[in-house]
Amino acid sequence: MKDGISTGTREVGGAPVAPSAPRINPEAYAGKSVPVQLLSEFGTTGKANGQYTLPRGIASAGANAFFIADTGNHRIQKVDRAGKVLLAWGTEGSGDGQFKEPMGVATDRDGNVFVADTWNHRIQKFDPNGKFLLKWSGQNGGFWGPRGIVVDQQGNVYITDTGNKRIQKFDGTGKFIAQFGQAGGGPGQLNEPIGIALDALGNMYVADTNNRRIQKLDQAGKYLAEFPIQGWQSGPRTEPYLSVDAQGYVFVTDPPNNRIVKFSPSGEALSIVGTVGKAGGQFDLPLGIVSDGSSLLVVDSGNGRIQAITAP
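Counted the way this note's numbering counts, the sequence shown spans residues 5 to 316.
Simulated from the structure, these hints should not be mistaken for laboratory data. Hints should not be assumed to be uniformly reliable.
[Said to hold, decoys possible] Derived Cβ-Cβ restraints for the label pairs, each shown as a range:
#1 206 / 268: 15 to 23 Å
#2 158 / 35: 18 to 26 Å
#3 280 / 51: 22 to 30 Å
#4 297 / 51: 13 to 21 Å
#5 144 / 250: 30 to 38 Å
#6 177 / 299: 18 to 26 Å
#7 97 / 35: 45 to 53 Å
#8 279 / 48: 18 to 26 Å
#9 224 / 99: 35 to 43 Å
#10 214 / 104: 18 to 26 Å
#11 44 / 156: 28 to 36 Å
#12 139 / 283: 35 to 43 Å
#13 297 / 224: 27 to 35 Å
#14 283 / 86: 14 to 22 Å
In this text, all values refer to a predicted model and were calculated from it rather than measured experimentally. C-beta: ideal position from N, C-alpha, C; glycine also.
Sequences are here, hints too, so could you generate the full structure?
Next up, the structure:
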């Protein structure tokens, strides 16, 4: 065992078999808690611009700006680092530019915005100013409650098709490319996938919620590794998201325990930050998360705010 990760072999029928992936032991979390270093916070619960109702996803909008999926208000808000609203659009409905509890948001290199319009079971694409461009509803059986969404450097869009227990990949115009995963608990199988992020090599990290793990998959969907999460629970308000920084560190929200867990690229649990509460630096259902250089922006959903903290 090394750094809390099992690296030994096991035996099957008397023959040694190397493990397919590292597995974190529960004691690997012991002694990992560090204090939160709060940089700033903005937002309150409500319906006015700059207020939020159970927000979920967050994505970078370029230098010092972010798009936030204001889920309970059925809209997207663009804000600067101080929380000033730069743009907001969306109302409840199923028309173009309307939403029904959008839970994920992502941007491409041109600044276009992709929204997981969760309970309309579709993806909508907008230009950087919020103008509707197109929509699509998945391949074969379509989407069922898509949550997480991310765009790679080539403009391809990856979506966690949560209810269908899979990931779907499209180009930026909505043309289907591939799908990965099926229902189950084995390697590469999924049970309520929520958050999704990419590293610099294009590997996917998926919050496989009801299997209580992060799975790492390559660009073709091949299983590479898994990082078990102690404490994840199933439930409509406890759905985790994740972000990968430029160095490959993985930051994942642990909503039931009101904390953020940091993993090394190899899957070692490095640090944990956060406690439950309403004070600055505390959380009530941390959900969306995005790395922004040396800091993290965390969607503190139950408190209706976004907090910027120093990355642990």
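query = Which of the numbered hints above does this structure break?
reply = Hint check: 2, 4 and 6 fail, others pass.
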